[in-house]
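Next come the chains, spelled out residue by residue.
There are 4 protein chains.
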Amino acid sequence: MTNTQVTLVQIDNYGPWTVTPEPRREADLQTLQSRLYADISQFVGNRNGYTFFTRFDNMIAVTNGLSFEDHALLQESVGNRYPVSLSLGVATGTTPAQALSDATERIQDAGSAQDKDRRECLEGRTIDDGHRTPDDVQIAHFDVINATGNYTDELNAFDSFIEIEQGYAELMRHMRRAHDSLSFFVGGDNIIVTCPDLGYAEYEEAIAHVEEAVDVRLQVGVGRGEHAHDAGFAAKHALETCRADGTRVELEWDH
Amino acid sequence: MTNTQVTLVQIDNYGPWTVTPEPRREADLQTLQSRLYADISQFVGNRNGYTFFTRFDNMIAVTNGLSFEDHALLQESVGNRYPVSLSLGVATGTTPAQALSDATERIQDAGSAQDKDRRECLEGRTIDDGHRTPDDVQIAHFDVINATGNYTDELNAFDSFIEIEQGYAELMRHMRRAHDSLSFFVGGDNIIVTCPDLGYAEYEEAIAHVEEAVDVRLQVGVGRGEHAHDAGFAAKHALETCRADGTRVELEWDH
Amino acid sequence: MTNTQVTLVQIDNYGPWTVTPEPRREADLQTLQSRLYADISQFVGNRNGYTFFTRFDNMIAVTNGLSFEDHALLQESVGNRYPVSLSLGVATGTTPAQALSDATERIQDAGSAQDKDRRECLEGRTIDDGHRTPDDVQIAHFDVINATGNYTDELNAFDSFIEIEQGYAELMRHMRRAHDSLSFFVGGDNIIVTCPDLGYAEYEEAIAHVEEAVDVRLQVGVGRGEHAHDAGFAAKHALETCRADGTRVELEWDH
Amino acid sequence: MTNTQVTLVQIDNYGPWTVTPEPRREADLQTLQSRLYADISQFVGNRNGYTFFTRFDNMIAVTNGLSFEDHALLQESVGNRYPVSLSLGVATGTTPAQALSDATERIQDAGSAQDKDRRECLEGRTIDDGHRTPDDVQIAHFDVINATGNYTDELNAFDSFIEIEQGYAELMRHMRRAHDSLSFFVGGDNIIVTCPDLGYAEYEEAIAHVEEAVDVRLQVGVGRGEHAHDAGFAAKHALETCRADGTRVELEWDH
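Chains as they are written, first to last, in the numbering used here: chain A, 1 to 255; chain B, 1 to 255; chain C, 1 to 255; chain D, 1 to 255.
This is chain A alone, in the form it adopts within the complex (with noise of 0.2 Å):
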């Protein structure tokens, strides 16, 4: 059973301080929002979670093998290196749906997004280093079959862009009811699921769903882990699988 560890990640009062005084220039926003994403991924990444870019403004995390204090040192790392500053909430579940809901509203309970005087708030708890299991995290790395030669190479670059995205928005809506879990674009034709306890059926369903849908056809590979890292490489590799053997679905425990 999985037990996800999921981090959300929150500009404080980000929108109004975007155009105060007055508008400020968007490619210095895209710059900061952009550098600010990286900064985060590369710490939580090199503790062997993922960080997502999301909104920008909210970004989501799965955060397992990180601790309260890591997160506290985030917080005032970003704090004394960039004009604003961010809210975590941590919370862990079975789903990773549920475990992100609750992190919302640790969040939500401590004030608006736009609250001027809701900041640097940090709620929460961590998964103990003893509950801990190599099979809390479960990872499912989606691609499109073939998007180079398909899309890429032949497409006008919106045009292959607006197929990827219509995937995307289809396949994030239908794992979030269908299977509680979690989809993040992540650049090229990656999409990256943070999932509970799925099987091959499972994976499958939501692949025919998407082709069926909106004619985009997926392959997937899915690994499982301590942390995100460990289950997310194991589903590269197994994505690997699909691209070199034709197949739609790795389950890479499976071999």
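Since the hints were made in silico from the structure, they are not lab data. Heads up, a few of these hints could be off.
You can't tell identical chains apart in this list, so a pair holds if it fits in one copy or across any two.
Okay, derived cross-link-like pairs now, DMTMM-like style, lysine to aspartate or glutamate, Cα gap no bigger than 25 Å in a straight line [claimed, not checked]:
hint	residue 1	residue 2
1	K116	E211
2	K116	D215
3	K116	E76
4	K116	E240
5	K116	D153
For this one, chain A is given, so just place chains B, C and D on it according to the hints.
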């Protein structure tokens, strides 16, 4: 009439690189991609262009005001500082969609995105300074009405994001097909669209379409300018008027 | 005759900020400083200027080719993305030392570096395009003869560094006093100097002085140009000639 | 007794790379170097170590608390994101100078800094957790007395810098020879020194020596800790006491 200069930025042979000799750590790829994007956004942005992260391996920029030499310098500078290199295609047109098609073709003619021998190609042409006008670029800045109150502070962080993504997926497809426009999610609940010469009717139609299709309520400010920053800055101010007055479409030049 | 445009970049009220409300983590300060420097180096550098990190809280740049508007944009962009802000003083002169003195005075007149009310001042003037010439900037690029063989691979890493620092401390002082030039350590065993119109005799004298004073053997390539990049690039090529031919001073325009 | 763990970080074959196939733009090299340093500083720093930029192509870090696996991960992550790679040598000793000598030797044994075939070597050993003590690291934080009033606001920016550099060059040499300590300029008028077990007498002697030799007046706060951050944070607080009370040497553990 608009005359948008569009640049397609493509990382050379990126997909294969990410899995050679074996899959690289996801957090490092995410960091690399978002920092590369940030750097391009700064370079283009401090010459008054806009860059969108799009798929990260393929980025799209509105580059009115940037010369061919500027493009060459960007390519050289990235080549000096990253483990990957860029190919650039640039083209202009009366619609952004047409300009991007031409820019894409230039790069595709030089070779596949996954061709090991296609490296640092730089193709196309820019607008001569003498032909630039104050109406060359039209930028529309959309956001979701009361997203913080309706979504961020109410739903869990992923369900908010699903709503915004459904709105984006629908708007991007519609603006492309109906209006030859290119739409980009830029974080939070914001979507920036580079458009040909559109007016009230088209924006009202687009907003109504998205609301009907996926029940997401958008508002939009629109600006014109000699380059993306001018047009986009006017659009931001127009959007502030929507927020203050409760209107749904504001054209900055109509005040 | 040279006409160097020099910009002094000063972080506003930085010292007090680093210890308020209590001392900030050193690693965060180091990260902040070096990334801020990197950003300024890119902005100035892709307009063909050179920026030197100097003390980090005070940086010095050779900015021939950058307009006053460019300076204002740099200031705005940093203000949008960092928790600290910049004051800039810019001046020109027939010697770099005189130009820097004038630039410094402009900022000092506006207030102390630790005055809480002096924020984002931008003072001085740049060279009009019509007055720029291909000999405005002279750059000398020094390095230590066979530093890798004599020091890096032989001494421990700190003792190598001591040798290089002693050479730098002596050269910087001498070039300032004897030749109104500004010398900057730029990493490795490299020192870049912005100079007035000097020739063989002065460079040979400087090299002999350093060798006698601290027993560090230097070689130098020198270039001229309309801006720092042109001059510096020529200097690098001249230094390659030193390395290839075993000469101690190469003036690029003398070939 | 101190037991400092020192890591030498060396960019592989960097000198030749900077001029192959021809000299690279200086601004790009500066950007690359300072961002690489910033990343290492964050990685080491959020594990409570200190990294010093030193020569940039050779950086020195105090890494008590970092495991061998941490070093391997840093090396992998940099290799994934930069066009250059790192070799790392790590060693421990009762004096920092001895530890660095050993760390240097490990790397030198593996090949020259400019050997094309020496790539990503990782040599040495770290302190076992069971052997770590709260006195392993001693950090001294020096600054120049009233540097802003006496120099920054009075002299031109370069002459201020000359004063600080002369102080640094003298202190670094003296602390190395007399006290087996490694001194690093960290920006502004600050010098951080990693020391063996020194007391009042040694610091007073060092300050007197520098004042006599180059007429630069220093003060110093000193701290001890299990790792660099603990020790350095205590040193910063002690230095605040110097500033407040006008004392020249404050040992944090003596209060």
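Hint check:
| no. | hint | in the structure |
| --- | --- | --- |
| 1 | K116 with E211 | neither (45 Å within a copy, 31 Å between copies) |
| 2 | K116 with D215 | neither (45 Å within a copy, 30 Å between copies) |
| 3 | K116 with E76 | both (18 Å within a copy, 24 Å between copies) |
| 4 | K116 with E240 | between (47 Å within a copy, 19 Å between copies) |
| 5 | K116 with D153 | between (48 Å within a copy, 14 Å between copies) |
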